[in-house]
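Please take these sequences and the hints and turn them into a complete structure.
Residue numbers (UniProt numbering), protein chains in the order written: chain A, 1 to 504; chain B, 1 to 325; chain C, 1 to 318.
Any given hint might turn out to be false.
[Unchecked claim] Within a straight-line C-alpha distance of at most 27 Å, the following computed DSS-like cross-link-like pairs (lysine-lysine) qualify:
hint, chain 1, residue 1, chain 2, residue 2
1, C, Lys145, C, Lys233
2, C, Lys296, C, Lys48
3, B, Lys300, C, Lys183
4, C, Lys55, C, Lys296
5, C, Lys170, B, Lys300
6, C, Lys238, C, Lys212
7, C, Lys285, C, Lys106
8, C, Lys293, C, Lys72
9, C, Lys212, B, Lys300
10, C, Lys169, B, Lys308
11, B, Lys300, C, Lys169
12, C, Lys256, C, Lys241
13, C, Lys150, B, Lys300
14, C, Lys48, C, Lys279
15, C, Lys150, C, Lys233
16, C, Lys169, C, Lys150
17, C, Lys233, B, Lys300
18, C, Lys170, C, Lys293
19, A, Lys136, A, Lys119
20, C, Lys212, C, Lys256
21, A, Lys349, A, Lys48
For the record, the hints were derived by calculation from the structure and aren't laboratory data.
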Amino acid sequence: MQVPERKPLLSIEGLTKTYPGVRALDAVDLHLYAGEVHALLGENGAGKSTLIKVLTGLTGRDSGRFVLDGQEISPANVIQATALGIGTVYQEVNLLGNMSVADNLFLGRQPMRLGFVDKRRMRQQAAQIVAKYGLKIDVAAPLGQLSVAVQQIIAIARAVDLSARVLILDEPTASLDTQEVALLFDVMRQLRERGMAIVFVTHFLDQVYAISDRITVLRNGRRVAERLTRELPRIDLVQMMLGHELSETALHRHKPENEAGETLVRFEKYGKRRYMAPFDLSVRRGEIVGVAGLLGSGRTETAKLVFGIERAETGSGRGLVSIDGKPTHIRSPREAIRRGFGYCPEERKTEGIVGSLSVRENIILALQARRGWLRRMPRRQTDEIAARYIRMLDIRTPDAERAIQFLSGGNQQKALLARWLVTEPRFLILDEPTRGIDVGAHAEIIRLIERLCADGLSLLVISSELDEITAYADRVVILRDRAHVAELSGSDVTTSKIMTTIAA
Amino acid sequence: MSATSARLTRLTNIPGSAQLAALAAVLLGNWLVFPGFFNIRMVDGRLFGSVIDVLNRGAPVVLLSLGMTLVIATGGIDLSVGAVMAISGAVAATLINAGTPLVLVVAAALGAGLLCGLWNGILVALLRIQPIVATLILMVAGRGIAQLITAGEIVTFDDRGLIALGTGALLAIPVPILIAAGTFALTTLLVRGTALGLFIEAVGANERASAYAGVSARVVKIAAYVWSGLCAAIAGIIAAADIQGADANNAGLWLELDAILAVVVGGTSLLGGRFSLPLAVAGAIIIQAMNTGILLSGLKPEFNLIVKAVVVMAVLLLQSVRRRD
Amino acid sequence: MKLNRIAAVTALGIMAAAGTAQAAEMVVGFAQVGSESGWRAAETKTAKLRAHQDKVNLRISDAQQKQENEIKAIRSFVAQGVDGILLAPVVATGWDSVLREARDAKVPVFLLDRQIDTSDPTLYTAAVTSDTVLEGHMIGDHLAKLTNNKCRIVELQGTVGSSPAINRKKGFEEAIAAHPDMKIVRSQSGDFTRSGGKTVMESFIKAEDGGKNICAVFAHNDDMGIGAIQAIKEAGLKPGKDILVVSIDGVPDMFKAMANGEANGTVELSPDMAGPALKALIALKSNGTEPQKWIKTPSTLYTPATAAAEYKRRAPLY
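Below is the structure:
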């Protein structure tokens with residue numbers, strides 16, 4: 001490297017942390033330099049949040065050491081970490097919305113006079129601090145009335161004012177619009193010039209290249225690389241994050257173009273402000289459309305818009321849906337289900353299964369909901385349905401009456417698939433159908449997806465497993481930064497092509 | 001676990017065993033303090049005895065606990081049922097005194113309860129106010145409404161038809177027992193004969209997942225609160241008919257707590273999800289058997305609440321042995 | 001319904017009278033608890049009636065059972081420069097500072113129907129209350145006379161720990177202590193309510209061999225007594241004969257029950273608390289007569305003999 005030999009302000013060496021059954025961090029190294037923005041990147045479960053938790057004293061570690069300015073440190077809690085000069089700002093600002101900006105800046109260390117808070121002095125000082133960040137706001141106003149970006153900056157200002165030398169920003173831009181991001185970046189540049197070391201966690205690759213000086217990539221608890229940003233091409237970065245080599249080719253079973261049927265559903269200019277840029281999407285009968293993109297690129301957002309959980313903005317040619325060529329609308333999951341849609345969410349435990357209900361009840365829930373509460377299916381019928389699908393999908397459970405929460409992840413996923421199959425859907429949306437499922441069940445679910453497609457069902461499958469997508473998808477939609485950026489079809493559906501498109 | 005507690009665990013693994021054991025223990029206790037507890041004879045063409053008292057006096061709390069079970073199963077709570085009792089009693093008493101036919105009087109009182117339930121349901125399901133706060137509003141205001149209807153007095157009446165709803169007997173069985181049993185059957189039919197019960201349990205256990213499966217949480221919650229208001233109105237009519245007067249200040253006072261207790265003793269979690277109507281009824285009867293037992297025992301009234309607390313704690317401990325397993 | 005109409009007409013009449021009493025020489029403020037019971041409403045109505053008779057301009061404030069509202073009312077009465085204040089205290093404590101303000105402004109304060117806890121009795125001029133111990137004693141004596149000093153009694157207590165429950169029990173026990181054959185065999189709380197009285201009585205009847213072993217029931221208030229009457233009837237017994245019923249308060253429904261031969265006596269807790277207070281205030285203002293510190297309202301025993309007439313007499317008040 002041509003960088004002049006500098007000593008890092010903070011080094012993390014050989015950090016290991018295990019949770020029962022999981023090695024969240026495995027001998028991870030990280031070097032933070034004063035006056036640098038260091039991007040910390042990785043997909044879900046890579047170990048980013050564990051790293052931050054250990055560093056800020058929220059949780060302990062198994063082994064490894066932290067060296068700050070040549071001194072070994074071991075912060076046991078957040079207060080100690082703050083005292084050592086490590087400040088953290090989370091995505092969800094953890095300040096008090098109903099208190100004023102000044103109160104928030106000085107919480108716990110208000111200037112006192114005669115045993116009372118000296119409000120006037122506090123406000124003067126607060127105004128000075130705020131002015132340094134180029135904000136023109138009333139420091140007496142409640143924090144909650146300000147935009148998220150300004151709240152983020154106030155949180156940063158507070159952390160910096162608490163004499164932080166290392167600032168950790170955990171996904172600060174997740175809910176900001178372009179202008180707000182620019183505002184935040186100005187602040188970050190200013191702090192970098194003042195010699196602060198900044199850890200920047202984000203999913204937005206454009207932002208990584210816009211602001212960061214150095215990149216560390218984590219995958220499955222291991223450090224894949226620590227590079228200078230200008231020396232790491234995008235495509236290499238994407239490969240590192242997804243863990244693929246460009247040369248790798250996967251088997252693709254895409255059908256000839258003419259084999260696919262008529263268009264079943266078509267979405268036009270479908271989007272929602274601050275959520276997902278408008279996109280066009282159509283799915284034909286018997287077609288599997290894959291959705292690929294990095295974490296935070298808008299994969300689940302696409303699914304939730306399509307299924308009516310989030311309402312798309314409509315009017316003046318935006319937010320149009322047609323099914324079989326006929327215009328319609330989807331404003332709620334109930335409407336989506338009535339149109340023959342189904343959705344297996346990524347968050348299986350909180351959004352998919354109803355844990356304390358039985359496998360049988362979970363399987364018939366959507367069908368019963370569509371029939372309405374008055375037309376209850378007789379017990380014998382539900383028993384039959386449950387038994388049939390438990391057999392068909394090979395759901396491993398002692399019996400149909402077992403509470404579904406006691407089943408393994410793969411069997412829960414199969415039960416969720418069964419829930420939609422009994423409704424005889426036309427269009428199924430599967431969000432990370434193989435996440436957290438053991439290898440055996442993994443293959444079964446892939447086979448199942450292919451079988452469904454062969455039966456004429458249309459599928460939209462979101463997955464971060466590129467091998468899987470390339471294996472079954474006829475087309476792949478590529479997402480980046482909450483927008484649909486490209487569509488690949490035919491012989492273009494390869495892992496390397498997908499990765500280069502994501503990185504482009 | 002020791003051998004005894006392991007056996008206890010196995011025994012308590014059967015759903016409802018804790019409640020039945022507690023009921024048996026309370027009845028046994030009553031028999032010990034008052035050997036005539038199980039004696040039943042006929043007086044003026046109706047059954048007469050302490051066991052009948054338990055069922056008859058327990059009828060209002062049984063009624064309240066039926067509606068309360070559904071509300072709690074959705075993950076909510078209904079603190080207003082006592083006040084709704086007062087409202088429906090007040091409506092019934094003032095209308096019967098104005099010469100309204102009995103059928104219309106009952107319909108109006110039930111309608112008042114239905115409106116109260118609808119109000120709660122709208123606050124909780126549409127305006128998304130926390131159930132404990134939303135129903136607290138009617139708990140406080142409802143008694144005031146009842147007092148306005150009765151002008152702060154006990155409105156007495158002597159309409160035989162209305163009085164019979166509280167004190168009459170059919171085939172020798174006191175009418176409140178029959179009404180409670182009928183409402184139990186109707187509620188069971190409503191939730192188990194339709195898919196409403198499944199939807200209530202689904203919404204209570206995981207509202208978001210249910211919504212994604214197409215269950216309308218709003219409709220389900222409003223239905224539960226409406227049913228709770230209706231059950232409270234029935235209980236209110238019985239309570240007024242029993243004393244031949246509408247006592248706005250005292251009718252149903254604190255009974256919401258007994259109803260919640262009955263549901264909890266009946267094993268339904270306050271967090272929502274799975275529920276059992278029969279066990280909630282068992283819970284209500286346990287509580288009433290305890291109340292009656294204390295009255296029969298000759299204990300000083302200062303001990304009433306302590307005895308009750310100890311027994312309730314024992315039942316809940318038995319249940320928690322099962323849960324921990 | 002008819003009763004209500006009479007009451008309404010009377011009340012209207014009183015209010016119209018109050019409206020014309022602008023020229024009255026004396027202005028008195030009345031900080032009333034609220035209208036939580038029929039008795040309370042009767043107390044307010046009587047106060048209006050007495051004020052009209054004494055040509056006093058009475059300003060009534062309804063505190064809706066809240067002490068802070070009563071305190072506010074007193075402050076505003078003092079500011080208005082009233083000649084005297086009647087206070088029916090909702091609770092016993094917490095009155096010292098506001099009463100000191102009234103004393104400093106030389107406004108005499110009369111407590112109605114309840115005493116307060118204070119270390120400085122000069123804070124109020126006088127208290128008008130009934131003697132709840134005496135009430136218990138009187139009804140006990142009455143029952144002794146009815147039963148030739150021989151009776152197994154069941155007792156329906158008021159709310160556990162409340163002062164009328166404690167005092168009425170005390171007075172009753174004093175009265176029967178002289179008679180070795182009079183005994184309270186069972187005693188439980190019916191919380192001063194009809195349904196409470198009925199429920200407890202039902203159990204007592206079962207526990208005492210279907211009621212055969214009970215000679216009389218003593219209820220701490222009429223509402224519980226009325227509940228007990230219903231329980232006795234439903235057990236196939238005759239209230240007032242098989243089991244005697246005595247209680248305290250003198251509400252109209254109890255007179256009705258006595259007139260029907262279903263109850264055997266009640267001691268009236270007079271709702272006329274304002275009358276004696278106004279009399280004492282007028283005496284104090286006109287010729288400086290210091291009133292007694294505790295003005296006891298008369299406790300009167302009523303029996304079935306006069307019940308029908310008394311019922312008619314009271315109807316407008318309730």
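Which numbered hints fail: Those not satisfied: there are none.
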